[in-house]
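*Asks:* What follows is the residue order along each chain.
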Amino acid sequence: MPKALAGIRVLDLTQYEAGPSCTQMLAWLGADVVKIEPPAGEPGRTALSDQRGEDAWFFLLLNSGKKGVTLNLKSPRGRTMFERLVTTADVLVENMGPGAMDRLGLGWEALRRLNPRLIAASVKGFGGGGPYADYKSFEWIAQAMAGAMSMTGAPDGPPTKAIGGLADTGAGLHTAIGILAALVQRQATGVGQQVEVAQQEAVVNLLRIHLRDTYATGKPVPRQGNRSVNAAPSNIYRCRPFGPNDYVFVHCATVEMWKTLTKIVGRPELGDDPGYADRRDRVKYIDAIDDMIEAWTEKRTKQEALEILAGAGVPCGAVLDSTEVLSDPHLRARGMIVELEHPRRGRYPMPANPVRLSDSPTEMVRAPLLGEHNAEVYGALGYGEAELDALRRDGVI
Amino acid sequence: MADRALTGMRILDLTQFEAGTTCTQFLGWLGADVIKIEPPGGEQSRRNRPEVPGLDAMFFLVFNANKRSVTLDLKHPDGRALFLRLAERADVVVENFAPGLMEKLGLDYERLRAVNPRLIMARIKGFGLSGPYHEYKSFDMIAQATGGVMSVTGFEDREPVRCGAAIGDTGTGIHTAAAIMAAYIQRQRTGRGQLVEVAMQEVVANLVRGRFVDHYRDGRPSRRRGNEITGGVPGGAYPCAPGGLNDYAYIYVQTMNQDMWRAFVAAIGREDLVADPRCADARTRWEHRDALNEIIVAWTRTRTKHEVMAALGKAGVPCGAVLDTGELLDDPHLNARGQVHTIDHATRGRLRLPGCPVRLSASEAPTTPPPLAGEHTAEVLGEVLGLSARDVGELRARGLLG
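First to last, the protein sequences are chains A and B.
The first sequence begins at 76 in my numbering and counts up by one.
The second sequence begins at 11 in my numbering and counts up by one.
Isolated chain A, as found in the complex:
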């Protein structure tokens, strides 16, 4: 099967989410990703598990398509093996704490000496070079420090974290972009380079649209819950049977969408009223408009409302919960949710690759067991079975 990144070998020293999401994307695109874990496994595999001794679901969601090997980078023999792997690699990705790679003696200069063609990518909370360089970070810290939390939540409530991996998977994808660009550049120059992504900056990039109000007014963007200060209707509306996620989001950008909506909810005269033609003018009547729409949605389930509204060209989305996303008929029909089989966890639904290339189909392969590919990967370096047994016994792998 053709693959966009066939022949590209990635050494994956990543843990938790920000790094693994990057290398998982590269694996989906066809790279040979070798995940190198300490002999006890990376913390995302072990510490986050709901069952002691079993790989965490979290790990399975972020490490598909990779080979897994174990290696103690702090032992001299492990270090030698790692250096040999570096000479065979195109890319190395890590998201350890600030300074950890230098402490291992694996800073950029050392890596470059081993392999001048290597592209070395780092995901950090704040990145080197500024006053926060040494500060630790994780998802919510970066959301706070990038403005995302200040603009999420109800107007009368506190800043609220958004429960998506904006800073983790978001930074991971930004890193994948940097790596791919560096691979393109290497084809012209023959040498590798360093790629760095800071979570704080990745999240700023994801919300740059909302800076526009600050340019205009000099004031911070307020929290607006689900409403917009610039458009109506743009909100969530309750649906039957009124569970915690029984809502649809409706957003009318154009006058045609507004006209269609008013016909559907039985108020066509408002669609023809010039005072309601502009979405900004409609903000004046926001409460009445929201009541009018909710009076209609309350008689329907979110799936019914979605079919009627979206089917008529009104932008509408059912608020799907995580279970509904995994069973959504559209995502299933498109192969975005696939069933995988894990030797210990059994069958499970897995969100696949959201990026489709017509000439590089994504094969979904479950995350590796700890050290599953030790024999294969180290065998290719020339280590025989007896040697691997000794290394295992000595805690090197």
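Simulated restraints, written as ranges between beta carbons of each label pair:
(1) A:Gly386 with B:Thr17: 44 to 50 Å
(2) B:Asp269 with A:Arg188: 32 to 38 Å
(3) A:Gln262 with B:Thr294: 53 to 59 Å
(4) B:Thr294 with A:Leu148: 30 to 36 Å
(5) B:Gln54 with A:Leu148: 50 to 56 Å
(6) B:Leu255 with A:Glu331: 35 to 41 Å
(7) A:Arg422 with B:Glu374: 47 to 53 Å
(8) A:Glu451 with B:Glu281: 48 to 54 Å
It should be emphasised that the hints constitute simulated quantities derived from the structure, not laboratory data.
A virtual CB, placed ideally from N, CA and C, is assigned to each residue, including glycine.
Once you've looked at the hints, dock chain B against the given chain A.
*Replies:* Just chain B, lined up with the frame of chain A:
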């Protein structure tokens, strides 16, 4: 300028609003030659709530740096013919029109491939090109609703809340940029282009995948939990002085890391808590979270969020001040790292914009001012198609270029 990562990649950029424009801006930072093809009068988002009537809106300016602009009427058959001539000489076409529009223009992938088999065509859609929702329109919030992020954001006793950051739109743009470069790498081996497709709903599901864990554990939907981190004390947004809307600091001491807890209590001057039986481990701290959070709030409330962050950050405790959008552009760290770029725009004057969020040591990423509509029409048609000033003048007189 020195060579950059994507020097030599020519992109015809048919994008509008956000999901597409963020993709091509990113590729522009990385060195691609991005030629934005706009209808006469300019792409719609130039006029999306312009702060100064008649000038390009900030909405447009934050997404369209590092591009050249060509105006071209694709509704006119000769305009389409001119576009196809450009496509013969391009590496990539990116579009995020409403479902079916490219087909209506006769510019679907099959047509483009026929004129240039090496072309990579990237198509961004709300729900993709197939499946039961594929004809549905989408926006950032629609993708957030259907991708699952809204259901888990907000407080347990309240309604779902959309995430402030535009993960449906810009999130899709970055996924598409990654796919385009992968296809470009593949083309260097195969000599052939391909079709790239990205759906906004799926992008959101990808960004939120780490939060599907609850489903696997017990088959039930993940719940909204406000700012709290289950099991974490401290774990959440703590109010700071002087008590304004965004005067909070997010603090989290990792549950498995007792050293971090000791560093935390030392930083807040409460070493006495180390010996406190309520603080023996993460489990006991969680059992006594109300009392302990009260102690923590007493400390944060008397300090600004920046003071809290400096004290805890230096002690190795993860902590982030909740910055608002104004504070962001002034943030000393982002400015020290050169992440906030100042540009000189032809009509809007000096502006600060967030720059490229990815750093490559061998590929600089300056931010150049977003172009005026049609600013580079004559330049590009001359350079790419060899048209003379007179040729361009004639096309302009016929109304093809606006």
